[in-house]
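So the sequence lines, in the order shown, correspond to chains A and B. Going from the first sequence to my numbering is simple: count from 1 and add 41. Going from the second sequence to my numbering is simple: count from 1 and add 41.
Hints in this document: simulated from the structure, not taken from any laboratory. Glycine included, every Cβ here is placed at the ideal spot set by N, Cα and C. Mixed in with the good hints there might be a few duds.
[Said to hold, decoys possible] For lysine to aspartate or glutamate, the following EDC-like pairs were computed, each having C-alpha atoms within a straight-line distance of at most 20 Å: (1) A/Lys-363 / B/Asp-159; (2) A/Lys-239 / B/Glu-377; (3) A/Lys-82 / B/Glu-399; (4) B/Lys-220 / B/Glu-168; (5) A/Lys-239 / B/Glu-91; (6) B/Lys-381 / A/Glu-245; (7) B/Lys-381 / A/Asp-126; (8) A/Lys-381 / B/Glu-90; (9) A/Lys-381 / B/Glu-91; (10) B/Lys-239 / A/Glu-91; (11) A/Lys-82 / B/Asp-87; (12) B/Lys-315 / B/Glu-49; (13) B/Lys-127 / B/Glu-90; (14) B/Lys-239 / A/Asp-416; (15) A/Lys-381 / B/Glu-245; (16) B/Lys-239 / A/Glu-377; (17) B/Lys-363 / A/Glu-91; (18) B/Lys-315 / B/Asp-282; (19) B/Lys-239 / A/Glu-357; (20) A/Lys-220 / A/Glu-143; (21) A/Lys-239 / B/Asp-416; (22) B/Lys-315 / B/Glu-280; (23) A/Lys-315 / A/Glu-280; (24) B/Lys-381 / A/Asp-87; (25) B/Lys-381 / A/Glu-91.
[Claimed, not checked] If you want the footprint, here are the derived chain A segments under chain B, 3+ residues with CB under 8 Å: (26) 76 to 85; (27) 122 to 130; (28) 371 to 378.
Protein chains: 2
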Amino acid sequence: MPFRFEIEATDGKARAGRMVTPHGVIETPVFMPVGTLGTVKAVAQDVLEELGVEILLNNTYHLYLRPGVEMVRALGGVQRFMAWDKPILTDSGGFQVFSLSELRRVTEDGVAFRSHLDGSSHMFTPESSIAAQIGLGADIIMAFDECTEHPASRERARDSMEMTLRWLQRSRDYFDAHKEEVVWFGEESPIAGCSSEKRIANIEQRPPVTPGQTQALFGIVQGGMYPDLRRESAQRTIEVDLPGYAIGGLSVGEPRPMTYEMVDAAIPYLPENKPRYLMGVGTPEEIVHYVAQGVDMMDCVLPTRAARHGLLFTSEGRLTIKNARFAQDEGPIDPECNCKVCGRYSRAYLRHLYASNELLAQTLNTVHNLAYYLDTMRRVRQSIILGEFATFLSGVKPPHLSVP
Amino acid sequence: MPFRFEIEATDGKARAGRMVTPHGVIETPVFMPVGTLGTVKAVAQDVLEELGVEILLNNTYHLYLRPGVEMVRALGGVQRFMAWDKPILTDSGGFQVFSLSELRRVTEDGVAFRSHLDGSSHMFTPESSIAAQIGLGADIIMAFDECTEHPASRERARDSMEMTLRWLQRSRDYFDAHKEEVVWFGEESPIAGCSSEKRIANIEQRPPVTPGQTQALFGIVQGGMYPDLRRESAQRTIEVDLPGYAIGGLSVGEPRPMTYEMVDAAIPYLPENKPRYLMGVGTPEEIVHYVAQGVDMMDCVLPTRAARHGLLFTSEGRLTIKNARFAQDEGPIDPECNCKVCGRYSRAYLRHLYASNELLAQTLNTVHNLAYYLDTMRRVRQSIILGEFATFLSGVKPPHLSVP
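Pulled out of the complex, with its shape left as it was, chain A reads as follows (with noise of 0.2 Å):
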């Protein structure tokens, strides 16, 4: 059963979709919560399970330097390794380079880099992007690309272009050649050095890969921000045939309309019948545009990183849990929100956890994010399907007015 992609309804140009991946269904739109490490961070992967999380997102670059992309490997594949059977998605290890790394140097063959953590001498090339992600293992995978600075001039933003569109090649050339060297591709490997039965049971329990399959490789549009490169960059991508694309080099400094505008340039040239995935985006205002825009999967550092900074989303807007003002308040984070947070903690507690610095604060906050954000994407795919996405979104604050 190869990678799928189904469309179940559409409205105006957003879209309702379902997913296939060899770990699992995905419905979309989706909103892919981040766990850098193989954790999203201070969340159990049960706790995941609750909130409904279909897909998360792993860094290439962060497992390749710790614990390593053959410990991972050796451990059965990142799935294996979080013990989380649903999919996940890594990126190329790209971005993290370029934002993180130190005395980074870019060739057309790849990037020298050196480790944020201790210094180290490393390389990312297309290929070896490529076969960290097949070690790791993940259902979906992402070319290397250069995520092109801003701002940048339009020749810095086509040589950059041209550069990514080379590399795009050279990544489907490496996935081509060795995309049946994936840990899940035969049978499921062997529990090694396991001493508990139990533990084998439970992890035998989970639904196998049906033998065969393959991750999927999804190539990257850029083009800085000129709405013409953009387009060529789209046009030009979807020359490699791949199973799905998406846009990168946005949301890095640019005022929020230029970045509609560049999704605007490259989504009309990407083909119906693929996803469209917009890296790194946005706030619970502008994931509802870009789904408006025709974008089915975002993933963003924002509701996690925010909630361990005490920024909690609500369906009254934002909310800092440190003001005094809920110091003595027994209601909950959101009045409308579901989650089990919201059902059992006041402000107040959360106040206090927060300004004590305790760890469950972290957990707590993240929790409730996730799941503003979550159940936002579900209203957002359920007003699609009952073609009420306008009447939706007509209700949602216009974004570029709330960036935090």
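Given the coordinates of chain A, work out where chain B should sit on it, guided by the hints.
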């Protein structure tokens, strides 16, 4: 329905019983997790419920400083504050004043101290400690005592013991005059400022406290490391008629055989029909031995604090999860453990989380260690009921050899 304690079975000096408190029943012997600031660090309340926690401990010193007693009282007391509707015990604040605060000055009146948070000046007296504990509203509260330091001369230990006895009477007098001020004595307080019908409904579903109930005040035996003073302290402490008695001032740096000797010196003089609480102990092996000495209740930060430092307790002994030999170990922490961490995650993954300083490490490690302690106590209790405790005890490694 006043506080009640019933013994169901004995085996040697060990006892299996049931303690009835305003917020529920506790099966003894019981290990009480420490929830310092109104949270068992890194673990959500629903997970504590899943673990079968029947009572937990809050620290008066910490809650007095943050968020303050009046705040907790205004929010309905510790149970409603932390959304935990099972029994809670608060200590008197004395131990933290001795161990954490700065510029402490002890007089007959009480203890003047400076906050470890901001250096502000405060005073705890027997009266103000009991007032704080009535304000917090735990089911079981503790008399204000002086924890005698170790080593201490015989004269110093006697003087300290005498003051604790005078403070016990003052604690009792204040409690008798003010016990009806506990927030749940009359009707449930209104839910102030709660904008959510859902949360109000959830709160109202919790079993209410039968009107007219008060807290249970326990006295504390001191006497340093002198068996005759321990005996005298026990004999004179029980002259103040109270529903339960604790043994304090142990596990303060003395060798373990001395701890056992002091427990043995006090226990025969404590009433058989009342619970005996040994404060601030111990390792998994030690708590089994204290039960053998006739102890019914214990608390300790060891399982939770050790977990946060990567030290895990298992049926095969201690395990330091950061150890490189676990890097590729697919087994669970403890093959014999039924907790949800052992059922799902590998040592390799837990090592990765710990080595990467991920928050989830602290949560999962703590859940396992608490499960191990609680499971140990359940097995102890069962073996007492079956008359097999001697056999169970003989399988436990001599605890004075295994202090971490």
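Verification of the hints:
Among the hinted pairs, A/Lys-363 with B/Asp-159 is consistent with the structure: their alpha-carbon atoms are about 18 Å apart, no more than 20 Å. With a CA separation close to 9 Å, the supplied pair A/Lys-239 and B/Glu-377 stays within the 20 Å bound. Between A/Lys-82 and B/Glu-399 the CA atoms are separated by roughly 7 Å; this keeps the pair inside 20 Å, and the hint holds. Simply put, B/Lys-220 and B/Glu-168 have alpha-carbon atoms about 12 Å apart, close enough for the 20 Å limit, and the pair holds.
A distance of roughly 19 Å separates the Cα atoms of A/Lys-239 and B/Glu-91; the hinted pair therefore holds under the 20 Å criterion. Annotation: proposed proximity of B/Lys-381 to A/Glu-245 holds, straight-line Cα distance about 16 Å (limit 20 Å). Distance hint between B/Lys-381 and A/Asp-126 is fulfilled; the C-alpha atoms sit about 16 Å from each other, no more than 20 Å. For the given pair, A/Lys-381 sits about 14 Å from B/Glu-90 by alpha-carbon distance, which is consistent with the 20 Å threshold.
A C-alpha spacing of about 15 Å is found between A/Lys-381 and B/Glu-91, which places the hinted pair at or below 20 Å, so the restraint holds. With a CA separation close to 19 Å, the supplied pair B/Lys-239 and A/Glu-91 stays within the 20 Å bound. For a cut-off of 20 Å, the pair hint linking A/Lys-82 to B/Asp-87 stands: about 19 Å separates their Cα positions. At roughly 13 Å between alpha-carbon atoms, B/Lys-315 and B/Glu-49 fall within 20 Å of each other, so this suggested pair holds.
Under the criterion of a C-alpha separation no larger than 20 Å, the hint pairing B/Lys-127 with B/Glu-90 is consistent with the structure, at around 9 Å. A C-alpha spacing of about 17 Å is found between B/Lys-239 and A/Asp-416, which places the hinted pair at or below 20 Å, so the restraint holds. The suggested pairing of A/Lys-381 with B/Glu-245 holds, with an alpha-carbon distance near 16 Å, which does not exceed 20 Å. Between B/Lys-239 and A/Glu-377 the CA atoms are separated by roughly 9 Å; this keeps the pair inside 20 Å, and the hint holds.
Annotation: proposed proximity of B/Lys-363 to A/Glu-91 is violated, straight-line Cα distance about 29 Å (limit 20 Å). In summary, the hint linking B/Lys-315 to B/Asp-282 is supported, as the alpha carbons are separated by about 11 Å, within the 20 Å threshold. As the CA atoms of B/Lys-239 and A/Glu-357 are separated by approximately 16 Å, the hinted pair is consistent with the 20 Å bound. Distance restraint check for A/Lys-220 and A/Glu-143: the Cα-Cα separation of roughly 31 Å exceeds the 20 Å cut-off, and the hinted pair is therefore not satisfied.
Restraint check: the Cα-Cα separation between A/Lys-239 and B/Asp-416 comes to about 17 Å, which is no more than 20 Å; the hinted pair holds. Among the hinted pairs, B/Lys-315 with B/Glu-280 is consistent with the structure: their alpha-carbon atoms are about 14 Å apart, no more than 20 Å. Distance restraint check for A/Lys-315 and A/Glu-280: the Cα-Cα separation of roughly 14 Å lies within the 20 Å cut-off, and the hinted pair is therefore satisfied. Annotation: proposed proximity of B/Lys-381 to A/Asp-87 holds, straight-line Cα distance about 9 Å (limit 20 Å).
For the proposed pair B/Lys-381 and A/Glu-91, the alpha carbon gap of about 15 Å is at most 20 Å, so the pair holds. For the stretch 76 to 85 of chain A, the proposed coverage by chain B is satisfied: 7 residues have a C-beta within less than 8 Å of a C-beta in that chain, meeting the threshold of three. With 3 residues carrying a beta carbon less than 8 Å from a beta carbon of chain B, the stretch 122 to 130 of chain A meets the three-residue requirement, and the given coverage holds. Here the stretch 371 to 378 of chain A counts 4 residues with a CB under 8 Å from a CB of chain B, which clears the bar of 3, and the coverage holds.
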